[in-house]
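Hey, can you work out the whole structure from these sequences and the hints?
Listed in order, the protein sequences are those of chains A and B. Under this note's numbering, read the first sequence as residues 1 to 475, first letter to last. Under this note's numbering, read the second sequence as residues 1 to 371, first letter to last.
One or more hints might be untrue.
Claimed, not checked - Okay, derived cross-link-like pairs now, DMTMM-like style, lysine to aspartate or glutamate, Cα gap no bigger than 20 Å in a straight line: (1) A:Lys-46 x B:Asp-271; (2) A:Lys-290 x A:Asp-371; (3) A:Lys-61 x A:Glu-34; (4) A:Lys-46 x B:Asp-277; (5) A:Lys-290 x A:Glu-34; (6) A:Lys-46 x A:Glu-19; (7) A:Lys-61 x A:Glu-71; (8) B:Lys-287 x B:Asp-277; (9) A:Lys-355 x A:Glu-367; (10) A:Lys-355 x A:Asp-315; (11) A:Lys-190 x B:Glu-357; (12) B:Lys-287 x B:Glu-47; (13) A:Lys-46 x B:Glu-204; (14) A:Lys-429 x A:Asp-467; (15) B:Lys-312 x A:Glu-34.
Said to hold, decoys possible - One-sided excerpt, in silico: chain B residues whose CB lies under 7 Å from chain A: (16) Arg-64; (17) Gln-65; (18) Asp-271.
Said to hold, decoys possible - Incomplete in silico selection of chain A near chain B, CB under 8 Å: (19) Pro-11; (20) Leu-13; (21) Glu-15; (22) Val-49; (23) Leu-191.
FYI, nobody ran anything at the bench for these hints, they're computed from the structure. Glycine residues also receive a C-beta, built at the ideal position from the N, C-alpha and C atoms.
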Amino acid sequence: MAPVIKEFRLPDLGEGLTESEIVAWHVAVGDTVELNQVIADVETAKAVVELPSPYAGVVAKLHEQPGTVVEVGAPIVSFDVPGAGGDAPATDGPDQSRSEPAEPPRREPNLVGYGAAVEKSGRPARRARRAGAAVPATTIDAAAPAASAPAISTEPAVTPPPAQPPAPAPAPAVADAPRERPRSTPPVRKLARDLGIDLTGLTGSGPNGLIVREDVLAAQQGNAPASRQITAEAPPSSGTGGERVTRTPIRGVRKHTAAAMVASAFTAPHVTEFLTVDVTASMELLGRLKASRAFADVRITPLALVAKALCIALDRNPTLNSRWDEAAQEIVQHHYVNLGIAAATPRGLMVPNIKDAHELGLRELAEALTDLTETARAGKTGPADLSGGTISITNVGVFGIDAGTPILNPGEAAILAMGSVRKMPWEYKDEIALRQVMTLSLSFDHRLVDGEQGSRFLADIGTILRDPGMVLTMV
Amino acid sequence: MPSNDQTDATRDELIQLITPNGERRSNAAYDPWVADVDGAALQALYEDMVVIRRIDAEATALQRQGELALWPPLLGQEAAQIGSGRALREDDFVFSSYRENGVAYCRGVDLTDLLRVWRGNASSGWDPYAINMATPQVIIGAQTLHATGYAMGILTDGADSVAVTYFGDGATSQGDVNEAMVFAASYQAPVIFFCQNNQWAISEPVRLQAHVPIARRAPGFGIPSVRVDGNDVLACLAVTREALDRARTGGGPTFIEAVTYRMGPHTTADDPTRYRDANELEDWAAKDPIARLAGLLDSEGLLPAEVSDAVKATADEVAARLREGCISMPEPAALDVFKHVYSEPNSWLERQQDHYEQYLTSFGSSEEGGR
Numbered sequence: 001m002a003p004v005i006k007e008f009r010l011p012d013l014g015e016g017l018t019e020s021e022i023v024a025w026h027v028a029v030g031d032t033v034e035l036n037q038v039i040a041d042v043e044t045a046k047a048v049v050e051l052p053s054p055y056a057g058v059v060a061k062l063h064e065q066p067g068t069v070v071e072v073g074a075p076i077v078s079f080d081v082p083g084a085g086g087d088a089p090a091t092d093g094p095d096q097s098r099s100e101p102a103e104p105p106r107r108e109p110n111l112v113g114y115g116a117a118v119e120k121s122g123r124p125a126r127r128a129r130r131a132g133a134a135v136p137a138t139t140i141d142a143a144a145p146a147a148s149a150p151a152i153s154t155e156p157a158v159t160p161p162p163a164q165p166p167a168p169a170p171a172p173a174v175a176d177a178p179r180e181r182p183r184s185t186p187p188v189r190k191l192a193r194d195l196g197i198d199l200t201g202l203t204g205s206g207p208n209g210l211i212v213r214e215d216v217l218a219a220q221q222g223n224a225p226a227s228r229q230i231t232a233e234a235p236p237s238s239g240t241g242g243e244r245v246t247r248t249p250i251r252g253v254r255k256h257t258a259a260a261m262v263a264s265a266f267t268a269p270h271v272t273e274f275l276t277v278d279v280t281a282s283m284e285l286l287g288r289l290k291a292s293r294a295f296a297d298v299r300i301t302p303l304a305l306v307a308k309a310l311c312i313a314l315d316r317n318p319t320l321n322s323r324w325d326e327a328a329q330e331i332v333q334h335h336y337v338n339l340g341i342a343a344a345t346p347r348g349l350m351v352p353n354i355k356d357a358h359e360l361g362l363r364e365l366a367e368a369l370t371d372l373t374e375t376a377r378a379g380k381t382g383p384a385d386l387s388g389g390t391i392s393i394t395n396v397g398v399f400g401i402d403a404g405t406p407i408l409n410p411g412e413a414a415i416l417a418m419g420s421v422r423k424m425p426w427e428y429k430d431e432i433a434l435r436q437v438m439t440l441s442l443s444f445d446h447r448l449v450d451g452e453q454g455s456r457f458l459a460d461i462g463t464i465l466r467d468p469g470m471v472l473t474m475v
Numbered sequence: 001m002p003s004n005d006q007t008d009a010t011r012d013e014l015i016q017l018i019t020p021n022g023e024r025r026s027n028a029a030y031d032p033w034v035a036d037v038d039g040a041a042l043q044a045l046y047e048d049m050v051v052i053r054r055i056d057a058e059a060t061a062l063q064r065q066g067e068l069a070l071w072p073p074l075l076g077q078e079a080a081q082i083g084s085g086r087a088l089r090e091d092d093f094v095f096s097s098y099r100e101n102g103v104a105y106c107r108g109v110d111l112t113d114l115l116r117v118w119r120g121n122a123s124s125g126w127d128p129y130a131i132n133m134a135t136p137q138v139i140i141g142a143q144t145l146h147a148t149g150y151a152m153g154i155l156t157d158g159a160d161s162v163a164v165t166y167f168g169d170g171a172t173s174q175g176d177v178n179e180a181m182v183f184a185a186s187y188q189a190p191v192i193f194f195c196q197n198n199q200w201a202i203s204e205p206v207r208l209q210a211h212v213p214i215a216r217r218a219p220g221f222g223i224p225s226v227r228v229d230g231n232d233v234l235a236c237l238a239v240t241r242e243a244l245d246r247a248r249t250g251g252g253p254t255f256i257e258a259v260t261y262r263m264g265p266h267t268t269a270d271d272p273t274r275y276r277d278a279n280e281l282e283d284w285a286a287k288d289p290i291a292r293l294a295g296l297l298d299s300e301g302l303l304p305a306e307v308s309d310a311v312k313a314t315a316d317e318v319a320a321r322l323r324e325g326c327i328s329m330p331e332p333a334a335l336d337v338f339k340h341v342y343s344e345p346n347s348w349l350e351r352q353q354d355h356y357e358q359y360l361t362s363f364g365s366s367e368e369g370g371r
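Encoded structure:
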């Protein structure tokens, strides 16, 4: 009568559903439940349904929290079930894996009602919280394109990397550009899977390039140490042990980044303008500030100067700080600046924002930037930091890049990419001099911002960076 | 008594022998049809209804637990199914839709067979000739044609059995049902069209497709019809017996509209709260078929605790057998798909089976199979 742990996996509650959201648990760990006692409310794409317990026993573990979207087939609750007797099904339940493997008709994981076998084992995604969290209401529904809405709240909201810089660190296995897998028949695919051969790297010798059994076997021999005959047709194995590509499931931050990028790129007509500025004066100012006592304990960077310049220019060109509300057919003009900063984090690209950046002085702005980047690098950026941005900066200069055409963070009207500061021969007082030069790239949503407004905004930032004293004429 | 000369007023009358409060109501025309139903018979009808509701609840739970792919609940329609199902003779033949699990229970279906299709384990649940009930038809209304054809065969055989076809209010809008009625009337075939008007064709309310009571349609085909309170098991028994008698004695087809209510979702993949008013469910819950009969039994002292406990125990036992049969059902073999396609050997099919076997063999010795 030793208790047995029985897992209950989320079934396909409708017809062909792949996931459901746990709405509420009606039981807690330690509760004794009867067979068919309602243990949870679950919302599928079709209905909210009550889940009856498949076992009589004691709840041992709740695997998922309410509000979590769970893939069909994932365990959601475990029970301590008395070894024998009780109402619980005495024979193998859905979790065949846990019971004696002696039964002759072995069940595939693709049990009736479980839908297709789930191949990926990604972490369950969370659904967007409804308005009300520590996020200004005006901005949460700002999540302009519906497709990117879920990304805005709990899961990292993501923004445009401008031009993707060359991977600075050994990049974690990046998938190759999507490519159609060469044709093959199911038995050959199974053979390849059994032998651990990646079909995408093979060239088929069958009709119309069909990969046949012999191709797979040849590839296996090619990989084996004692190869008998490696013909010229055998695929050349590269230095990485024969694998010519690595395939990584699209999920997590990458998936959300992609959705946000696509939503943004195909919703907001982008215009990008470039301005190359002699920032020698700004760099000199930066040097003086670093040396000054007031900024002694602050890490002040060109980014801080650009951020401050952007806030000042934004005050003169407010249309750049607005949002297109398609649903309401309204333009939302922000009277505050939540300044997003694109940051490379362990989880991928994120765009946390500095709240009310327009109210911050240069010193506070610099501190906020240091804070934000450290939090992001530590992977501790919270949902509130990621939502509600009104405009963004991406600093591609840190990667040694001059310019790019950044894609808007969904729901924002503009994004500024700052390039690296280079010493270049430049016109200075009618002569050629070696000056410190930076290129600014500004993308804006042409639905909201006309060329004139975008140009003036960019020119203002340029003016400030070229001659910081010009701020006096602007504020 | 229905006939082709009845007026709209009499045709619209709802035959009721037990009121929602559980009081026996006398009806000169139909009382004689249930004169033999004594206390024990009423208790048996009560047990049937409780058991099929329990079967229904257990199957719904099994679907929620991932053991069935889908289930079409009959909750609320117990009286219509038991009242008509228990009126049948063994040699009568039933052609039903997918919701008549209560009728199948009356026919003596094996509980595991009842779930086979819904578990995705077989393309058909049972041998129709073993219980004289065809396996459920999912195509809306198609079974009415099968029933009429079968009834025409009964005529040819010179037998006195009857074909009974079950369908819903939505099916009456299908061409098949109308064609079936044309042929049934033309041949005066011994067939009963038993329509469970449960008020909803999935999310479409019956009033959208029927501006007059559905029972009024049949006389247009020359088929007498009757409207019965579908939540009154005794009235359903009475009208079905009358229709069976007409069919057996050469009187031809009858159309029965059993006015009932689908208290649950269309299937387990449906959420009725999205399209219907909660008040409506409450109104119909007050007309519950089981509570009504329990009330009548109770008032006559026929439902002491030991009876209701015994009924509950029977229901629980049936549910446990149903569950056990479901979860221990072996997976079908890959080649089972070729079984029961034709009743006789077929060379084309054999060739396909041979090819398929070769194909399966090409996966190698591992029994895993290709996914």
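How the hints compare with the structure:
1. A:Lys-46 x B:Asp-271: 7 Å, holds
2. A:Lys-290 x A:Asp-371: 18 Å, holds
3. A:Lys-61 x A:Glu-34: At roughly 16 Å apart (the allowed maximum being 20 Å), Glu-34 (chain A) and Lys-61 (chain A) satisfy the hint.
4. A:Lys-46 x B:Asp-277: Between Lys-46 (chain A) and Asp-277 (chain B) the Cα gap is close to 18 Å, so the pair holds against 20 Å.
5. A:Lys-290 x A:Glu-34: Roughly 69 Å separates the two Cα atoms, so the pair is violated.
6. A:Lys-46 x A:Glu-19: Measuring from Cα to Cα gives roughly 11 Å; hence the hint holds.
7. A:Lys-61 x A:Glu-71: 18 Å, holds
8. B:Lys-287 x B:Asp-277: 16 Å, holds
9. A:Lys-355 x A:Glu-367: 13 Å, holds
10. A:Lys-355 x A:Asp-315: 16 Å, holds
11. A:Lys-190 x B:Glu-357: 17 Å, holds
12. B:Lys-287 x B:Glu-47: 18 Å, holds
13. A:Lys-46 x B:Glu-204: Given pair Lys-46 (chain A), Glu-204 (chain B) holds - Cα atoms ~17 Å apart, limit 20 Å.
14. A:Lys-429 x A:Asp-467: This hinted pair holds, its Cα atoms lying about 14 Å apart.
15. B:Lys-312 x A:Glu-34: 17 Å, holds
16. Arg-64: Interface hint status for Arg-64 (chain B): holds (5 Å vs cutoff 7 Å).
17. Gln-65: 4 Å, holds
18. Asp-271: 3 Å, holds
19. Pro-11: Holds: closest Cβ of chain B sits about 3 Å from Pro-11 (chain A), inside 8 Å.
20. Leu-13: Holds - the Cβ of Leu-13 (chain A) comes within 8 Å of chain B, reaching about 7 Å at its closest.
21. Glu-15: Result: holds, 5 Å to nearest chain B Cβ.
22. Val-49: 6 Å, holds
23. Leu-191: 7 Å, holds
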